[in-house]
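What follows is each chain in one-letter form.
Protein chains: 2
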Amino acid sequence: MELEQVKPQEIEKRSFEIITELLGEKKLDPENALVIKRAIHTTADFDYADHLKFSPHAVKMGMEAIRQGASIVTDTNMGKAGINKKKLARYGGQVYCFMADEDVAAMAKQNGTTRAVASMDKAASLKQDLIFAVGNAPTALIRLYELICEGRIAPRLIIGVPVGFVNVIQSKELILNLEKEMGIRVPYIIAEGRKGGSNVAAAICNALLYQME
Amino acid sequence: MELEQVKPQEIEKRSFEIITELLGEKKLDPENALVIKRAIHTTADFDYADHLKFSPHAVKMGMEAIRQGASIVTDTNMGKAGINKKKLARYGGQVYCFMADEDVAAMAKQNGTTRAVASMDKAASLKQDLIFAVGNAPTALIRLYELICEGRIAPRLIIGVPVGFVNVIQSKELILNLEKEMGIRVPYIIAEGRKGGSNVAAAICNALLYQME
Numbered sequence: 012m013e014l015e016q017v018k019p020q021e022i023e024k025r026s027f028e029i030i031t032e033l034l035g036e037k038k039l040d041p042e043n044a045l046v047i048k049r050a051i052h053t054t055a056d057f058d059y060a061d062h063l064k065f066s067p068h069a070v071k072m073g074m075e076a077i078r079q080g081a082s083i084v085t086d087t088n089m090g091k092a093g094i095n096k097k098k099l100a101r102y103g104g105q106v107y108c109f110m111a112d113e114d115v116a117a118m119a120k121q122n123g124t125t126r127a128v129a130s131m132d133k134a135a136s137l138k139q140d141l142i143f144a145v146g147n148a149p150t151a152l153i154r155l156y157e158l159i160c161e162g163r164i165a166p167r168l169i170i171g172v173p174v175g176f177v178n179v180i181q182s183k184e185l186i187l188n189l190e191k192e193m194g195i196r197v198p199y200i201i202a203e204g205r206k207g208g209s210n211v212a213a214a215i216c217n218a219l220l221y222q223m224e
Numbered sequence: 012m013e014l015e016q017v018k019p020q021e022i023e024k025r026s027f028e029i030i031t032e033l034l035g036e037k038k039l040d041p042e043n044a045l046v047i048k049r050a051i052h053t054t055a056d057f058d059y060a061d062h063l064k065f066s067p068h069a070v071k072m073g074m075e076a077i078r079q080g081a082s083i084v085t086d087t088n089m090g091k092a093g094i095n096k097k098k099l100a101r102y103g104g105q106v107y108c109f110m111a112d113e114d115v116a117a118m119a120k121q122n123g124t125t126r127a128v129a130s131m132d133k134a135a136s137l138k139q140d141l142i143f144a145v146g147n148a149p150t151a152l153i154r155l156y157e158l159i160c161e162g163r164i165a166p167r168l169i170i171g172v173p174v175g176f177v178n179v180i181q182s183k184e185l186i187l188n189l190e191k192e193m194g195i196r197v198p199y200i201i202a203e204g205r206k207g208g209s210n211v212a213a214a215i216c217n218a219l220l221y222q223m224e
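Protein chains in written order, with the working numbering: chain W, 12 to 224; chain D, 12 to 224.
Hints are computed from structural coordinates only; laboratory data are not their basis.
Please note that a few of the clues may not be correct.
Put simply, identical chains are the same to the list, so a pair is met inside one copy or across any two.
Here are the simulated SDA-like cross-link-like pairs (lysine to any residue), alpha carbons at most 20 Å apart as the crow flies [as the list claims (entries may be wrong)]: (1) 96 - 111; (2) 71 - 167; (3) 18 - 119; (4) 24 - 72.
Source: prediction; values computed, not measured.
Let the sequences and hints guide you as you build the complete structure.
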């Protein structure tokens, strides 16, 4: 197989052309297409074309939140490393990840929870508009659900893409069913099933940021 | 679907049990099993059970390199964020990612290459044993191949898991065929096909580190 000659600054554009070709006849909702394609771009996994679920106008609402200065809370330092912090800062937001904080480790130990749970509790004390990008720990998403139900937090958007095998599917269902079961409407972008990851969480955040230019 | 009751410190163990269950009858080479399972753990993507290719004793040789103090060079700051740097430091190694360095940006601009290419050139100037963990840019893997062929670098192990659509498959084939076509033997762990990512690169590094304890 021969190398394709593509200039460095053309690689991403060419990648998205190939993704569009490979999607073929598959129809994506235009509002969500760039988020879906960027998730595929970062994983080469076309399952995301079927498994990403969007509440009505979630992408628009996420962009609006960023435009109004919302910050992003994520549960992994890998996710934080991947989010385009410079672009976010243009609107006044920043990226928080509390997972490595000493007070979070102490709180988790004291309460017998994961650090991800403690990091969501810490986020709930922030008095500002927040988007949550959960790319690793279902326990973070479950805790976020509880904090929402208790009225202690009202995320502008939940990007719920934890990955794995213990309570991952369940944690996503809690968010997908929030409105139906609890009567609480929170915009979401959720990767149904076991798949997700910090790379996917970062890619979705960046897909919002890149559409805003 | 009900939440499974698992203690925080048991989640990872339980995850690996579920992965083993889901793999079913599939036989993994015991030498490579923990690397494969950790790649699945970080992606929930069972394709890695088929697509990860190992040169003979690559895992053992990677662990031996780390034990002797080898450092890891990666092409993404997300990968760097995900690698367990504390465990690596016990053996004397550290993690380098040159992607955001100003001299790398300048070199890339001057030479009309990607920054990933320039970051591999910078790595070639390091006078120490290195493991390369390429989780993003196929251009990094292609440049690494060229540097090896030119005798300018001799990696102790190549973890070649770039992801995407432009020259990704080809870049991996260059490494897979190094011995057959160029007569040069370099240990490798390669994710055949388009899939991979910074999370997979970090997971493979960590799988080596965690087996060494």
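Hints and how they fare:
In this homomeric assembly, residue 96 and residue 111 come within 20 Å of each other (Cα to Cα) both inside a single copy, at 19 Å, and across copies, at 13 Å. Only within a single protomer do residue 71 and residue 167 lie at most 20 Å apart by alpha-carbon distance; the minimum there is 11 Å, versus 47 Å between protomers. Taking the shortest alpha-carbon separations for residue 18 and residue 119, only the inter-copy value of 12 Å comes in at or below 20 Å, while the best intra-copy value is 48 Å. When the C-alpha separation of residue 24 and residue 72 is checked against a cutoff of 20 Å, the pair qualifies neither within a copy, at 26 Å, nor between copies, at 38 Å.
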